[in-house]
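Single-letter residue listing:
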Amino acid sequence: MTKSIKGMTFDFTITAILIFIGLITIVPFLYIVVVSFATPSEYIQKAGAFIFPSKWTLINYQYLLSTGAFVKAGGNSAFLAIVGTLLSLAVTSSFAYSLSRKRLRGRKTLLMLVLISILFNPGIIPPYLVVKSLGMINSIWSLIIPALTSGWYIFLMKSFYDSIPAGLEEAASIDGCNDIGIWVKIILPLSLPSLAAFGLFYAVSYWNVFFNAILYINDFNKWPLQVLLQNMLIDSSTSGGDLANQIASEQEMPKETLKMAAVVVATVPIILVYPFLQKHFAKGVMVGSVKE
Amino acid sequence: MQKAFVEARETQEVKGKSSFQSAMRDMLRDKYLYILALPGILYFLIFKYIPMGGILIAFQDYSPYQGFLASKWVGFENFERFFTGSEFWNLFRNTMMISLLNLVFFFPVPIIVSLLLNEVHNVKFKSFIQSVVYLPHFFSWVIIAGITFLLFSRTGGIVNNVIVMMGLEKVDFLTNPDYFWIMLTLQSIWKEAGWGTVIFLAAIAGTDPALYEAAKMDGANRLQQMWYVTLPAIKNVVITLLILRLGHVMDVGFEQVYLMTSSAVSSVSDVFETYVFRMGVKNGQFSFTTAVGLFKSIVGLILVVSTNWLAKKFGEDGIY
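Keeping their order, the protein sequence lines are chains A and B. According to numbering that gives the first Met the number 0, the first sequence is numbered sequentially starting from 0. According to numbering that gives the first Met the number 0, the second sequence is numbered sequentially starting from 0.
It is worth saying that the hints were derived from the structure and are not from the lab. Just so you know, not all the hints are guaranteed correct.
Derived lysine-lysine pairs resembling DSBU-like cross-links, with alpha carbons at most 30 Å apart [stated by the list, open to error]: (1) Lys125(B) x Lys278(A); (2) Lys281(B) x Lys131(A); (3) Lys157(A) x Lys312(B); (4) Lys5(A) x Lys125(B); (5) Lys234(B) x Lys5(A).
Quick caveat, the model's predicted, so the values are computed rather than measured.
Take these sequences, add in the hints, and give me the full structure.
Pasting the structure below:
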């Protein structure tokens, strides 16, 4: 009897600690979401200290989405997430597939090429100078092409393709398919679930791209969302015009609720794909990327 | 039949090495396979290997107008300037402090959370908590930094507003250099500690259930089972990850530090990468900052390779 009471206390303590951890994680974000639906005047009046707005409003979102620069940056990021992901998948999959074929001459050399690139990082400046000399500065492609694929993902995808038996290709090549045809007609459909998993991870990283953007993009019009957000959310002396201040002063409103709405808009796509992401990494598909 | 075919190919791969002709024949046969590999090969050559060659400008006084070939070679001058300059020790100290705080305070958190999650029997509750704590991993650092500023800023931030309501003095969470490192550590824990449990939970899942049965027979309660069964079961993974983490002690997340920096805290926030970014990309000192980056990469490479060797020695699989 005493044992079961002890057991119950143990379970209760564990549950309580985990609920506490969960709350710490999610409450700051939930607070931002809720307050983004409050009127700016209520925020000022209550000094931000409320959990439930007395009046729910979309006014912050209206101001935000009527701001050309914000919509433009969102469009740039959507372009990156869609076009970038498709290109990344194509390059990663085709390279990983050919590396998985044992008959390929020079396969070991190519694998070494990829491995060394993971091990040795040339720093920030040399890649910057390469992108610069290719004339890609201030082009949206500078956010896609220099980040087209990743050595880690190539190794992970290759190990998936390793398990595809050569016999499957034999059948197709007897039917008159060349290797490209086999890749398109057999390999891609066969690896659709793993492509979906890699695609989601690529899409999230394109949506979240920041470092390459401050490195390669100076033109206000070509900023992806994260750079615009930095300009808007973070009072930094380094970045010139503070967009939130600008909208706020135009609308004569405080900027906090507006900033919160911006945080929500920028995270909605992540929240939307999150259940699918979770399904994939729960299977352990991406354990390799965790190690990184 | 199929097996014989594969074997034949493999032996051909071994024997054919001597013969140039058969190599050419194989390559011609696999030409479409090479076409598939081509975009990837070009990517690695242009964006990984040309930059590796570009490291040579660390030994030059490189000027973009003169180009690589015409720029003057200066030997180790850039390195000397860096090591004898006033910035070096400051950058080194900041990098080490941020890394060590991370090691001491961040590293144990995912282990503890994994142990707790492992004790939950209600599958729905467990996966709900997992969903919640994994989520911030997928938010960008801009979002995380943005939320931090919204909550902790001196003017208008909710935390300081509440502090004032309680009749206390405002706290400069973001602009006081004394708080910068610990704010950074707490921020990392908030964003990544949940995600960090993935690997430990995978390790715990591999524990032999018979061990728990045996422990129960011996009268171990659940806390004792946690201590004497679960923890030893993941001990190897923990030590391996700790060793590998030490290999990355020079790597401090650029985005996080860059976003949280302000002029008020720059004396404690400047790390190698932010220094390279400011002096190189913004001020155009390409050769000097390439030398700084090269120093960091080489130390990083030595650390990664040796800690990986150590981890393998220890009996676990390294990553490479």
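Hints, verified against the model:
| no. | hint | result |
| --- | --- | --- |
| 1 | Lys125(B) x Lys278(A) | holds (15 Å) |
| 2 | Lys281(B) x Lys131(A) | holds (14 Å) |
| 3 | Lys157(A) x Lys312(B) | holds (27 Å) |
| 4 | Lys5(A) x Lys125(B) | holds (21 Å) |
| 5 | Lys234(B) x Lys5(A) | holds (27 Å) |
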